[in-house]
Amino acid sequence: MPISLPMTEKMSHDILIVGGGAAGLRAAIAAAEVDANIDIAVVSKVFPMRSHTVSAEGGAAAVLREDDSLDLHAFDTIRGSDYLADQDVVETFIEKAPEELIQLEHWGCPWSRDVDGKISVRAFGGMSVKRTVYASDKTGFHMLHALFQTSLKYTQIRRYDEWFVTSLLIEEGKCVGVTALDLETGQLHPIVAKVVLLCTGGGGQIFPFTTNASIKTGDGMAMAYRAGAALKDMEFVQYHPTGLPGTGILITEASRGEGGHLINKEGERFLERYIPGKMELGPRDILSRAIMTEMKEGRAFEGEYGGYVHLDLTHLGEKMIDEKLPFVRELVVKYVGIDPVHEPIPVRPVVHYMMGGVSTDINGNTSIPGLLAAGEVACITLNGANRLGSNSLTECLVFGALSGRAGAQYALEQQPVSENAVRSLADKEQKRIAKQFLEKEGGKERVASLQEEMHLTMEKGCGVYRTGESLQESCTTLKKLRERFADVAIDDRGRIFNTDLRGALELEFMLEVAECIAHSALAREESRGAQSRLDFPERSDEKFLHHLLAYATPEGPRFEQQPVTITRWPPEERKY
Amino acid sequence: MNPQNSRPEDLLYRPHMSFWWWLQKRNYFLFMVRELSAVFVGLFALISLVGVYRLSQGEDTYQLYLSALQTPAARVLFVVILLFSLYHTLTWIHLTPMIMVMRIGSKTVPPILVLIASYLAWMVISLILFYLLMVD
Amino acid sequence: MSTIKITVNRYNPEKSSERYTQSYTIPYKEDMVVLDALNYIKNHVDGTLTHRWSCRMGVCGSCGMMINGDPKLSCATFLRDYYPGEVQVDALAHFPVIRDLVIDMSDFMDKLVEIKPWIIRSEEKPLEEGEYLQSPDELNLYRQFSMCINCMICYSACPVYGHDQSFLGPAAIALAHRYNMDSRDEGQDQRAEIIGSHEGIWGCTFVGECTRVCPKHVDPAAAIQRSKVQLTKEYFLSWIWPRGKR
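Top to bottom, those sequences are chains A, B and C.
For what it's worth, this note's numbering labels the leading residue of the first sequence as 1, then goes sequentially.
For what it's worth, this note's numbering labels the leading residue of the second sequence as 577, then goes sequentially.
For what it's worth, this note's numbering labels the leading residue of the third sequence as 713, then goes sequentially.
Don't take every hint at face value.
Estimated spans, in silico, between C-beta atoms of each pair [stated by the list, open to error]:
(1) C:N852 / A:D339: 49 to 55 Å
(2) C:D758 / A:R65: 32 to 38 Å
(3) B:L703 / C:N852: 34 to 40 Å
(4) C:T944 / B:S624: 22 to 28 Å
(5) C:G797 / B:S624: 49 to 55 Å
(6) C:T944 / B:L658: 25 to 31 Å
No lab work stands behind these hints: they were computed from the structure.
Beta carbons are placed, not taken as given, at the ideal position from N, Cα and C, and that holds for glycine.
Could you build all of it, start to finish, from the sequences and the hints given here?
As structure tokens, this is what we get:
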């Protein structure tokens, strides 16, 4: 790989946003509105309209109706988080949520409407009242396109499309930019910035069955972790109860919100035995565990891809399904070959979201000056041990906006970063990539096989149900996989659009994040929210009512504790 | 080609569209037939205009024009024109519902009704013209 | 074990300025889509095979390519529709190729910006006053045209674009129409200047292939023809009743 040519183009910005999904684009627009002269860069490894936000279906929650209250949304969120959410964060979130959804409406987002022209709301898991705003059942798609198209208005936003960020540039403890691989040319460039805002999403691809797209590989989390920032609450991985077996394609919670039932092999609505108060509208962690238990105890169907239960929409009627759940019908007809109007859908829990991430404050600041994070990649935390459906899309907007603004303000106060200062850091990264991948000789490991082994151990040891033993085994396996990664050889040694190289770099990120997840789950000796340990089946507020901060060391993560901020809702038993 | 010294734009492979593109797909071919049919519709209009002109030049000239139209070659031409005109009309009638969105109040008229209305309009106008031109 | 043959039309500027084909025979399963086949090849046979993909559920628009001569989403095209025959895969037609199945999207991205795909209003309502009211019927006027996933398959099917890349193209014009039909938008006049040009709607000869191949049933051909009707009406009306006064 050649040393970067002298930069003919200015690659220095005030604020550099990594990732072009809902959080990243919202942040970019927010930064642009702080000051017309702010120079904003959005660096994304895919074109922004391909970001994973696009796959979200169900909706975005906020208090918009008379029959609702901010306190109720806060309580629902805190109870849903199994009391691990920081309540000051929740209070900020629910307060700002309504204006963000109205703002998106003003920007053209085609929210579904009531007959009187007002924005509609639907029921969703864990929510006491109907407050989930939706755009048919393609909410993420419409939100992303509205945000992306609106962002095109702001000429001070410069986009680097299909530039893969490989590392953060840290100088004297401060983040001063990134190194990014221009996929089209294969050249690695340093891009300096006064502020870097990570909006890279989560890492569902660490697991074999996931709703997540191929691009969700935990990039930002791994980069921040390597740079010395803390990752928080990594043990909490959300399984969405209703994904298609095999492909993992998401069947939105809205299908239950609109009245769908979950049925086991014996034809019973089995949730009666687990959460009779809420049934199909219970929070995701409880439902996923219920389905896994049904599978374990032989009351589920058996299929090519393992066990599954039925999601029955047949009683809703064709008209309702076409009006409220048309995309669900389309997906099921296409990928399962049945019509949900007439037949129940096979579903099973699949990995969907990571509650954990780079530890930040309300404005997105991490422990590294100049480095911010927002969206799924960040853990402030709003969602605690379990996220309620439809809070995440709103989260991206609220905290994307807050960190975009905060980042812009911070940038206005900083001196420009000298490009020469980071030249040697960028050269080092270039040499690393060349030596490790492009010019590597020998090497017998393949990216795909290591990824499969990572999948196996994560599903087995780090899944819905965990034990100390299974987690320890996963930690050991992952350590070995990381060692074996040093021996990886990629087929493609070319420069032009090398997706083999990109895949290897992504696997490197994933292994690091996976290890952090496994160790964090081992360190938390309790069951809370999405973490369910068979050897510690109870929640223990005396011992574990705190966040686990993980810092990278060569021997694995070192943990520190961070207390949970409690304002008005003292922790109690999580009842539904 | 040395990628190191080339600009990215120069490394792109730029495909070339074949002159025979319209033979490569059934729909492309049918499209070209539809476009070609306009030529024949135009030709008929031209022939009619010539007829008007001949009429203005006097009864004899007009009769000569009419005899020319009754030669075997002319009859074949008219059959061809008729076939192309039918194809032209039918394809455009079927495209009409896509283009003409009719609204009554806030509801949209179902496309099938627009299609039926187009057919009916065609029939009615054709019958009227037939009566005017053919029935003496 | 059942197998199927996949033949890819490839391109690597670092090797040659010409394209070349390469065939792979891989294990076949009934529920496999073309994307699965390409991923199998890349993961287990030939890591140099280069293609774009992300969501694998037909909503991100990354994986458009020519499959046996027809532009399709590789994640939404089942091998069983071709099995046991050979499946031929090629980069999306009418676009410059960067590598293998990856095409250069810069032209489309430029056109996207050109048509001003955002709500244009002379006066914005303050957020505290809530949403702009829009009835379900008003939403239905443009909803279909908002479904575009920017996969550019329509550009591949359009012979006008194939001949002349200055044509704005189906997706861009359909998006302009989406905003023009949105009751909250007041930007029709601004967009009319852009789409009412030779490179815009008047370049379209209504082949209709764009609508046939669109995986999301956006119906761009309808958007373009309706824009033609609308702009023509506006043009004649403006003689009698100038726009500014309306």
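How the hints compare with the structure:
no.	hint	result
1	C:N852 / A:D339: 49 to 55 Å	violated, 23 Å
2	C:D758 / A:R65: 32 to 38 Å	violated, 55 Å
3	B:L703 / C:N852: 34 to 40 Å	holds, 37 Å
4	C:T944 / B:S624: 22 to 28 Å	holds, 26 Å
5	C:G797 / B:S624: 49 to 55 Å	holds, 52 Å
6	C:T944 / B:L658: 25 to 31 Å	holds, 30 Å
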